[in-house]
Amino acid sequence: MAKYDLKDDSVVVIIGSGAGGGTLANELCQKGFKVVLLEAGKHQSSATFVNDEWPAFKQLAWLDKRTTSGSWRVAKDFPNLPAWTCKTVGGTTTHWAGASLRFQEHEFKASSTYANVSGANLLDWPLTLAELEPYYAKAETKMGVTRTNDIPGLPGNNNFKVMYNGATRVGYQTVHTGRMAINSRPRDDRSACWQLGFCFQGCKSGAKWSTLYTEIPKAQKTGKLDLRAQAQVLQIIHDDSGKVTGVLYADKTGAHNVQRARIVCVAGNSIETARLLLNSHSSRFPDGLANSSGQVGRNYMRHTTGSVYGIFKQPVHMYRGTVMAGYIGDESKLDTKRGFAGGFEFETISLGLPFAAAFLNPGAWGRDYARQLEQFDHMAGMWIVGEDMPQETNRITLHPTEKDQYGLPIPNVHYDDHANDLAMRNYAFKRGADIYNAVGATETIAVPPYPSTHNLGTARMSEKPGDGVCNKWGQTHDIKNLFISDGSQFTTGGGENPTLTIVTLAIRQADYIAAESAKKNM
Amino acid sequence: MKRREFLKRGAIVAAGTAAAAASGVTVVGYAAGEAVKLAVFDQHEGATLLKMARQIFPHDRLNDSYYWKVVEDLDHEAAATPATAKLLHDGVASLDQAQAAKFVTLSPDEQVAVLTKIDTSPFFQKVQSTAIVSLYNNHDVWRQFGYPGASYPFGGYIHHGFNDLNWLPDPSETASPKPARG
Numbered sequence: 001m002a003k004y005d006l007k008d009d010s011v012v013v014i015i016g017s018g019a020g021g022g023t024l025a026n027e028l029c030q031k032g033f034k035v036v037l038l039e040a041g042k043h044q045s046s047a048t049f050v051n052d053e054w055p056a057f058k059q060l061a062w063l064d065k066r067t068t069s070g071s072w073r074v075a076k077d078f079p080n081l082p083a084w085t086c087k088t089v090g091g092t093t094t095h096w097a098g099a100s101l102r103f104q105e106h107e108f109k110a111s112s113t114y115a116n117v118s119g120a121n122l123l124d125w126p127l128t129l130a131e132l133e134p135y136y137a138k139a140e141t142k143m144g145v146t147r148t149n150d151i152p153g154l155p156g157n158n159n160f161k162v163m164y165n166g167a168t169r170v171g172y173q174t175v176h177t178g179r180m181a182i183n184s185r186p187r188d189d190r191s192a193c194w195q196l197g198f199c200f201q202g203c204k205s206g207a208k209w210s211t212l213y214t215e216i217p218k219a220q221k222t223g224k225l226d227l228r229a230q231a232q233v234l235q236i237i238h239d240d241s242g243k244v245t246g247v248l249y250a251d252k253t254g255a256h257n258v259q260r261a262r263i264v265c266v267a268g269n270s271i272e273t274a275r276l277l278l279n280s281h282s283s284r285f286p287d288g289l290a291n292s293s294g295q296v297g298r299n300y301m302r303h304t305t306g307s308v309y310g311i312f313k314q315p316v317h318m319y320r321g322t323v324m325a326g327y328i329g330d331e332s333k334l335d336t337k338r339g340f341a342g343g344f345e346f347e348t349i350s351l352g353l354p355f356a357a358a359f360l361n362p363g364a365w366g367r368d369y370a371r372q373l374e375q376f377d378h379m380a381g382m383w384i385v386g387e388d389m390p391q392e393t394n395r396i397t398l399h400p401t402e403k404d405q406y407g408l409p410i411p412n413v414h415y416d417d418h419a420n421d422l423a424m425r426n427y428a429f430k431r432g433a434d435i436y437n438a439v440g441a442t443e444t445i446a447v448p449p450y451p452s453t454h455n456l457g458t459a460r461m462s463e464k465p466g467d468g469v470c471n472k473w474g475q476t477h478d479i480k481n482l483f484i485s486d487g488s489q490f491t492t493g494g495g496e497n498p499t500l501t502i503v504t505l506a507i508r509q510a511d512y513i514a515a516e517s518a519k520k521n522m
Numbered sequence: 001m002k003r004r005e006f007l008k009r010g011a012i013v014a015a016g017t018a019a020a021a022a023s024g025v026t027v028v029g030y031a032a033g034e035a036v037k038l039a040v041f042d043q044h045e046g047a048t049l050l051k052m053a054r055q056i057f058p059h060d061r062l063n064d065s066y067y068w069k070v071v072e073d074l075d076h077e078a079a080a081t082p083a084t085a086k087l088l089h090d091g092v093a094s095l096d097q098a099q100a101a102k103f104v105t106l107s108p109d110e111q112v113a114v115l116t117k118i119d120t121s122p123f124f125q126k127v128q129s130t131a132i133v134s135l136y137n138n139h140d141v142w143r144q145f146g147y148p149g150a151s152y153p154f155g156g157y158i159h160h161g162f163n164d165l166n167w168l169p170d171p172s173e174t175a176s177p178k179p180a181r182g
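For the protein sequence lines, the chains are A and B, in the order given. The opening position of the first sequence corresponds to residue 1 in the numbering used here, with each subsequent residue numbered one higher. The opening position of the second sequence corresponds to residue 1 in the numbering used here, with each subsequent residue numbered one higher.
Just chain B, with the same shape it has in the complex (with noise of 0.2 Å):
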């Protein structure tokens, strides 16, 4: 079942940006923390979860609203399942408690050998889990990355690109035959 629900959500979190993107919501909405309603954590909470998705997988070229919907997708899954809710609050304690200061004030550095000691607990998979679908299941994301997605709204790469690399040599014909015509 929780490969299904974390799969489920995967679908839920593309559906939800696509609704976004078409309705004009912009995700920036996301970034001033207020607008990111958490049913489960208080904002302490989600301040790390936020510093800590950053961490586990960070691109400079994304700003904070992408890891917001990192930290609204756990709070989703504590909502639904009280072990997950239990799992995720000891775990961001556990982070605070690591060192004299609260985890969201160590630098980057800090932040990451803080959870190098972590990284094969349940609490950190739980959240690298959920950020490897929340944040690269994000067709904004895919865009900021050059992946477009599906590709048969356009007829395929047949006549898009398929074979469009010019820095190498082309193949002989005969190991890459031409397209057929047609």
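If we strip away everything but chain A, and leave its shape as in the complex, we get (with noise of 0.2 Å):
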């Protein structure tokens, strides 16, 4: 492994390991770049994960305070935990369920597709699906996604095979057990799927992608990488004439260090890129880095979510198997008789009996809810997963008096539902009833949005640098050796879960820093 002078002005610096950092890393490496990645959380590896879910949660979760405001639901069900996102080399890929999904043409196209969405601050991403085909197919090859690349898909647990029953007696006809990053066979040196129920806390078997075990030693057998863990970057440093010139972090010790470099990519899930890039405001960017558009922590999204649970007279065990073991398709397609714009999926989803306890619905007590409880073992359970609309109001703050342990100011994450969101949750919670109904379920919980797993659009792309934050390669508008590599950049969310696309615009943006780099335009 690499080990970089923080004088070394010659490295790029990548804040963040996760699906967008932890790619983006492996891909410069591989091109023969010098690589310095900040994590700010521990390392972790499949022996060292727990699978027991509150543990797994305090080992690899976000848990820095964080405030909310807005009127959606988390804020009052968990105001200090408005995402479930990872702290942890490997980032949120040590947690995601491995749905990969490719966005569609006309997602790409939001604003002038679903025209005028009152309230909604929608754009065009300034990029074609066309454009991002190949990318697509490099980041399913890496990742190994089911149902690409002549793998086969994954065999269905017991959940599935109730989705599936009562998705197609409703008259559903893309029902399958989805595209995952998750082995079905072995590949790439990884092992098939163990069904071991536990895709959130932590892949134990490593059949599930994870940049943790994949790209990141990969990047480090090139000899390129330096990789620092417990890094917590604090600020963005540049020089007179504007361009960033290394950033201030704070190593496991807690002593500030300042790390030089050529360029610097930020992938530090959408609430802290956001909050890194306002906390690194000067006397030169007042308002934060990059951010003459003013654009930077708005329009921030979360995906309109939600889950419904089924209760049967016989057993399911949910909990057996790949947590996100089956898709229905049908409703990601843009209808708008439907009464709202944009699509969603359904994807099949279990907890185990800690966090159905916690999550199943937050406040509630008394009879009823313990007799649900009951019958964990009689539950199928699905989640909904659909765009929702960017708003300018709905936003990444700095707080105005809480500090972090370092003295900073924590962020507060503003959300209010958009009439759209709840149009497309409600048709959701509805079809979903209908759909474990059609089997036979002696009741349906429909079930509010847990804290955010998909974080995106806190830093724009736009074709005009007054719209957004970056351009379609994730370069500042304002900072040219600046680039965003998360899902901060998501012009819109899309329908599909985010971590496909975000792969794919990191292995893009590789490219892209190496042909411009070799340009000498950076």
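Among these hints, one or two may not hold up.
[Unchecked claim] Computed cross-link-like contacts, DSSO-like style, restricted to lysine-lysine with a CA-CA straight-line distance of at most 30 Å:
1) A:58 / B:126
2) A:519 / A:31
3) A:472 / A:403
4) B:86 / B:102
5) B:117 / A:76
6) A:519 / A:7
7) A:403 / A:138
8) A:142 / A:520
9) A:138 / B:102
10) B:178 / A:313
11) A:464 / A:519
12) A:333 / B:178
13) A:403 / B:86
14) A:243 / A:520
15) A:76 / A:65
16) A:472 / A:31
17) A:109 / A:333
18) A:31 / A:218
19) A:464 / A:138
20) B:102 / A:58
21) A:403 / B:126
22) A:76 / B:37
23) B:178 / A:142
24) A:142 / A:333
25) A:65 / B:102
26) A:65 / B:86
27) A:519 / A:34
28) A:76 / B:86
29) B:86 / A:58
[Claimed, not checked] Cβ-Cβ distance ranges computed for the label pairs, FRET-style:
30) A:393 / B:109: 43 to 51 Å
31) B:61 / A:171: 33 to 41 Å
32) B:172 / A:131: 32 to 40 Å
33) B:125 / A:287: 32 to 40 Å
Honestly, the hints are just simulated from the structure, not real lab data. From the three backbone atoms N, C-alpha and C, an ideal C-beta is built for every residue, glycine too.
Combine the two chains into a complex, taking the hints into account.
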């Protein structure tokens, strides 16, 4: 493993080691770049993962305090936990479920396709599906996505059987075990899925793609990667010309270091990426870095989500096997006759008993709730994931008074549900219940959103510098050698789980950085 | 910090329960009341919090020992944080003042009615959030609810019933391919 000097200003610094940062690090190392990868969390492994929900949450989740505001129910149920993301090497790819769906063509043109959705700050992406297709293909190959590259689908578990039978009985056509970055057979020196049932707690078989044990060790093998765990970046530093020159970070002892850099790429997941840009304000950039548009932190998206659980007379044991074991694609289309713009998917989901008690109906108590929990092994579950509308006022801001352990303002996450989001969620709740009722559910439960796992849009791409933070390559409009490399760059959210698109954009960004460097444009 | 303490407590409860099970000490010992050593609460407060925890998550299949665990965890939190101790002392007093008779002597329906009126209060939410972890992160409770916990010790469910549901037809093989061999 490489070890670069703090004063070495020929390195690329990448902040965050998840889907965006971890992938970008490997891609750049493969091209011969010197990369310093700074990760705020500790280094775990399949061996140290704990398959027990609360301890695993404590081991992997980003638990630094955040505050919330807005009409979303998360602000009431989880006021200091707006997002369920990770602080660990590999980032949220340790926790993700593996669903890997391409965005659809029209989703890159949300503004022109959905026309005027009142109150939404819609914008077309400055790129098209056609431009991304070759990179989507590379990402699918890299991640070993099932149902691509002749990789068979995963076998469906009990939770999927219930979904499949219900969905086909109500007339859905596209129902299968999904496109998953989980090995259905051994591949890339990783085993096939053992159906452990703890995808959210870190995959102990390594069958599920995570940068922790794919991209990062591959990058290390090149001898070009300097991975520093427990390194919390506090500020991005620039010179008088406005170019970034490095980052200030606290190491695990709390000591402050400045790592010089020729290029800085930010991939801290949307809340932290925006917070870092805002916290990096200076006399030259009083509103934060790359924020001449005023859009940093704005247009925060989290997908329209919710879950439906069904209770059945006979056992299901939903917790056995892949968490996201099934997929229904029929509702992902554009069809405004349903009463909303955008589309959504149903995907199976399951929780263990500890999290079912905490998340099935936050705040609920009493005889009815206890009775539902007693039927835990007779439950099937599905998750709703759909496009939410970007709104300028849904945003990450710096808290006016509260500071973190480093003395920096903590983030506040403000989110108001848009009328379109509510219409989509209510429609999906109803259709989800129809699916379970079609196979004899004695009861269905509509579950409000969990803390956000898909955090998007806080430094969005735009054609014009005034509309967003970065261009189609993730390069900030204001600062040539500063890049956004995570889901923050999404112009709109699409209806699909975002990881595949984040990885796709990271591969493409690496090509761009290499090409621009060769042209001496950086 | 609060959240971390909350989670830490959960982990300790789980570890303690596992240790008790492993050493052959049965949790029934807690049910007698005097076996539960409370540092902060007196016996009446303990008994009141016990009834309250049971009304919040009433499972007839669980005996009082599981709910005493909730009281014990609240007692630990109160011992560590004076503000929590005050919140809980005052909360118990308010439950007793809600009706002419003390909370523990009320009928279950009356207890529920009292709790319904205060279920958005910090006192109620403290007891509820502690109970969620104390009860449902207890491995003995898992067994009674049919949740086995980690599956990697036996190699996951790939050969242990991940798809054994037989009251519905199997999906088509296109939708759900057979598991890979080997």
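Going down the list of hints, with the structure as the test:
no.: 1; hint: A:58 / B:126; verdict: holds (19 Å)
no.: 2; hint: A:519 / A:31; verdict: holds (15 Å)
no.: 3; hint: A:472 / A:403; verdict: violated (34 Å)
no.: 4; hint: B:86 / B:102; verdict: holds (19 Å)
no.: 5; hint: B:117 / A:76; verdict: holds (18 Å)
no.: 6; hint: A:519 / A:7; verdict: holds (24 Å)
no.: 7; hint: A:403 / A:138; verdict: violated (41 Å)
no.: 8; hint: A:142 / A:520; verdict: holds (29 Å)
no.: 9; hint: A:138 / B:102; verdict: violated (69 Å)
no.: 10; hint: B:178 / A:313; verdict: holds (27 Å)
no.: 11; hint: A:464 / A:519; verdict: holds (24 Å)
no.: 12; hint: A:333 / B:178; verdict: holds (29 Å)
no.: 13; hint: A:403 / B:86; verdict: holds (27 Å)
no.: 14; hint: A:243 / A:520; verdict: holds (15 Å)
no.: 15; hint: A:76 / A:65; verdict: holds (15 Å)
no.: 16; hint: A:472 / A:31; verdict: holds (21 Å)
no.: 17; hint: A:109 / A:333; verdict: holds (14 Å)
no.: 18; hint: A:31 / A:218; verdict: holds (12 Å)
no.: 19; hint: A:464 / A:138; verdict: holds (28 Å)
no.: 20; hint: B:102 / A:58; verdict: violated (39 Å)
no.: 21; hint: A:403 / B:126; verdict: holds (25 Å)
no.: 22; hint: A:76 / B:37; verdict: violated (35 Å)
no.: 23; hint: B:178 / A:142; verdict: holds (24 Å)
no.: 24; hint: A:142 / A:333; verdict: holds (27 Å)
no.: 25; hint: A:65 / B:102; verdict: violated (39 Å)
no.: 26; hint: A:65 / B:86; verdict: holds (24 Å)
no.: 27; hint: A:519 / A:34; verdict: holds (18 Å)
no.: 28; hint: A:76 / B:86; verdict: holds (24 Å)
no.: 29; hint: B:86 / A:58; verdict: holds (28 Å)
no.: 30; hint: A:393 / B:109: 43 to 51 Å; verdict: holds (46 Å)
no.: 31; hint: B:61 / A:171: 33 to 41 Å; verdict: holds (40 Å)
no.: 32; hint: B:172 / A:131: 32 to 40 Å; verdict: holds (35 Å)
no.: 33; hint: B:125 / A:287: 32 to 40 Å; verdict: holds (38 Å)
Hint compliance for this structure: hints 3, 7, 9, 20, 22, 25 are not met, and every other hint is.
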